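Sequences listed follow chains C and S, in order. Going by the working numbering, the first sequence opens with residue 1, and the numbers climb by one from there. Going by the working numbering, the second sequence opens with residue 1, and the numbers climb by one from there.
In short, the hints are calculated from the structure, not lab data. Predicted model, so just to flag it, every value in this text is computed and none were measured. Some hints could be false.
Ranges of calculated distance between the beta carbons of each label pair, as one might list FRET restraints [unchecked claim]:
#1 GLN100/S with ARG74/C: 40 to 46 Å
#2 GLY112/C with VAL168/S: 29 to 35 Å
#3 ALA16/S with VAL83/C: 56 to 62 Å
#4 VAL113/C with PRO129/S: 42 to 48 Å
Not close to chain S: a few residues of chain C, all C-beta gaps over 12 Å, as computed [stated by the list, open to error]:
#5 PRO5
#6 ASP66
#7 TYR76
#8 CYS121
We put the beta carbon where it would ideally sit given N, CA and C, even for glycine.
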Amino acid sequence: MGDRPLIYAGLFLFVALVTLPVWQGIAAQSSTVGPELKAPAHKKQCVAPRAYMREAHMELLMAWRDGKVRKHERHYTAADGTVYNVSLTGTCLTQCHGSKEKFCDRCHEYAGVSAPNCWGCHTSPPAEPGGVAAVAAGGMR
Amino acid sequence: MKLTRKDFLRVLAGSAVAVGAGTLVHAVGSANDKESAGSTVGKKRWGMAVDLRKCREEKGCDLCSRACHRTHNVPQIPDRAHEVKWLWNERHDKVFPFQQNDYTRQALGETVPILCNHCTNPACVRVCPTQATWKRTDGVVMMDYHRCIGCRYCMAACPYGSRSFNYVDPRPYLGTPNPDFPTRTTGVVEKCNFCEERLADGKQPACVEACPRNAMVFGDLNDGNSPIRQLLSGRYAVQRQPELGCGPSIFYLV
Chain C
1 MGDRPLIYAG LFLFVALVTL PVWQGIAAQS STVGPELKAP AHKKQCVAPR
51 AYMREAHMEL LMAWRDGKVR KHERHYTAAD GTVYNVSLTG TCLTQCHGSK
101 EKFCDRCHEY AGVSAPNCWG CHTSPPAEPG GVAAVAAGGM R
Chain S
1 MKLTRKDFLR VLAGSAVAVG AGTLVHAVGS ANDKESAGST VGKKRWGMAV
51 DLRKCREEKG CDLCSRACHR THNVPQIPDR AHEVKWLWNE RHDKVFPFQQ
101 NDYTRQALGE TVPILCNHCT NPACVRVCPT QATWKRTDGV VMMDYHRCIG
151 CRYCMAACPY GSRSFNYVDP RPYLGTPNPD FPTRTTGVVE KCNFCEERLA
201 DGKQPACVEA CPRNAMVFGD LNDGNSPIRQ LLSGRYAVQR QPELGCGPSI
251 FYLV
C-alpha cells in the first residue's frame with residue numbers, strides 16, 4: 001500500500017513521456033494543415049490539373065527532363081492545348097511559382113521529403129518577388 | 001576410317017554452329033558499318049571551320065571563349081588542377097603535335113581555339129557506361145548531366161582533352177550565373193555542347209556570334225551548299241589528329 005505514490009508517479013511519468021511529441025507540437029503551435037501555397041494571380045491553370053501535379057509533379061518533371069535532354073522535346077502541350085516551354089527554372093518557377101524556397105521547399109519540408117537534387121545544377125530565381133514582377137513587365141526570356 | 005553415325009552427327013552440328021556464327025558476326029559487323037557510315041541524305045552533321053589566319057591576326061583574342069563560358073555558366077577556377085573548360089586557346093604544338101617542323105616551331109606561343117570536336121565516331125560515347133554521353137542524329141555529341149556518374153572514362157577516352165571534371169563545386173566561381181542555362185554540380189563531367197540549346201532556337205553558337213572577325217563558321221557539313229562546305233572546298237583545312245579515326249567535325253583553315 002505504501003508504494004501507491006511511487007506507482008502513480010511512475011505512471012504519470014510514463015504517460016508524459018509517451019505523449020511528449022503531442023505536447024511539443026502544441027508548444028510549437030504546429031498544425032496538421034500543410035503549408036498554404038499561393039496560386040499565382042495571373043495564371044488560372046498549371047500545366048496539368050492541380051490534383052495530378054500534387055501527386056505526380058516529380059514524374060512530370062522527370063518526363064520533361066528526359067524528353068528535353070534526350071529526345072529533343074522542347075515543348076509540352078497541356079491537355080487544354082496550351083504549349084509550354086519545357087524548363088524548370090524558366091517556366092515553372094519564373095512564370096508562376098516564384099522560387100524554390102517559397103514553393104518547393106515548404107511542402108518538401110512539411111512532408112519530410114528528402115530534398116531532390118534538382119537544385120545542384122538548376123538555379124532558382126531570387127526569392128524576392130522580383131522574378132514574378134519581371135515576368136509581368138515582360139522581362140522574362 | 002569408318003565414320004559412325006554419332007560422329008557424323010557431331011561433325012554436322014559443329015559445322016552448322018561454325019557457319020551460323022560466321023554469318024552472325026558478319027551481320028553484326030555490317031550493321032555497325034551502316035551505323036557509322038550511314039546514309040547522309042536528309043541528315044544534318046553540324047560542324048565548324050575555324051579560320052586560323054584571322055585568329056593569328058587577332059593574337060591574344062579570347063572573345064569566343066569568354067562568350068561560351070559566360071553563356072554556359074562555366075566556372076573560372078584559378079587552380080589549374082580543377083579548371084573547367086569548354087572552349088579555350090591552346091598552344092599550337094599541343095593542338096597539332098604531329099604537324100610540327102623546324103619552322104612552325106618558331107610560331108610557338110601562337111594559340112589555337114579548341115573545343116569538343118563532336119566526332120562522327122566519338123571515343124567518349126563508346127566508353128560511357130551509363131549513356132550519359134551520346135551522339136545525336138545531327139552530329140552533336142551530347143551530355144546528360146543527370147545520368148553522369150562521374151567515372152571519367154570519357155575523359156580518358158577523348159584524345160583531344162575536350163572534357164573537364166567538376167572536382168569542386170563550380171557555383172562559387174561563377175559570378176552572376178546566366179539564369180537561362182543550368183550550372184553543373186560536383187562529380188560530373190562537362191564539355192562543349194555545340195550550343196544545342198541555341199541551335200534549337202535557330203541561333204548560331206555563342207562563340208560564332210561573339211567573333212568580331214567571323215573566324216568561326218558553323219553549318220551543316222552534309223549540305224553541299226552550306227557556307228561551311230563552300231569554305232572547306234575553297235581552302236585547305238586540317239582536323240586534329242584525323243589518323244585516330246574519331247572523325248572530328250571541327251576544321252581548321254590554315
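Hints, one by one, checked against the model:
1. GLN100/S with ARG74/C: 40 to 46 Å: About 44 Å separates the Cβ atoms of GLN100/S and ARG74/C, which means 40 to 46 Å holds.
2. GLY112/C with VAL168/S: 29 to 35 Å: holds, 30 Å
3. ALA16/S with VAL83/C: 56 to 62 Å: Holds, since ALA16/S and VAL83/C (Cβ atoms, about 57 Å apart) stay within the stated range.
4. VAL113/C with PRO129/S: 42 to 48 Å: violated, 29 Å
5. PRO5: Non-interface label stands for PRO5/C: nearest chain S Cβ at 60 Å, farther than 12 Å.
6. ASP66: violated, 8 Å
7. TYR76: holds, 14 Å
8. CYS121: About 4 Å separates CYS121/C from the closest Cβ of chain S, which leaves it inside 12 Å; violated.
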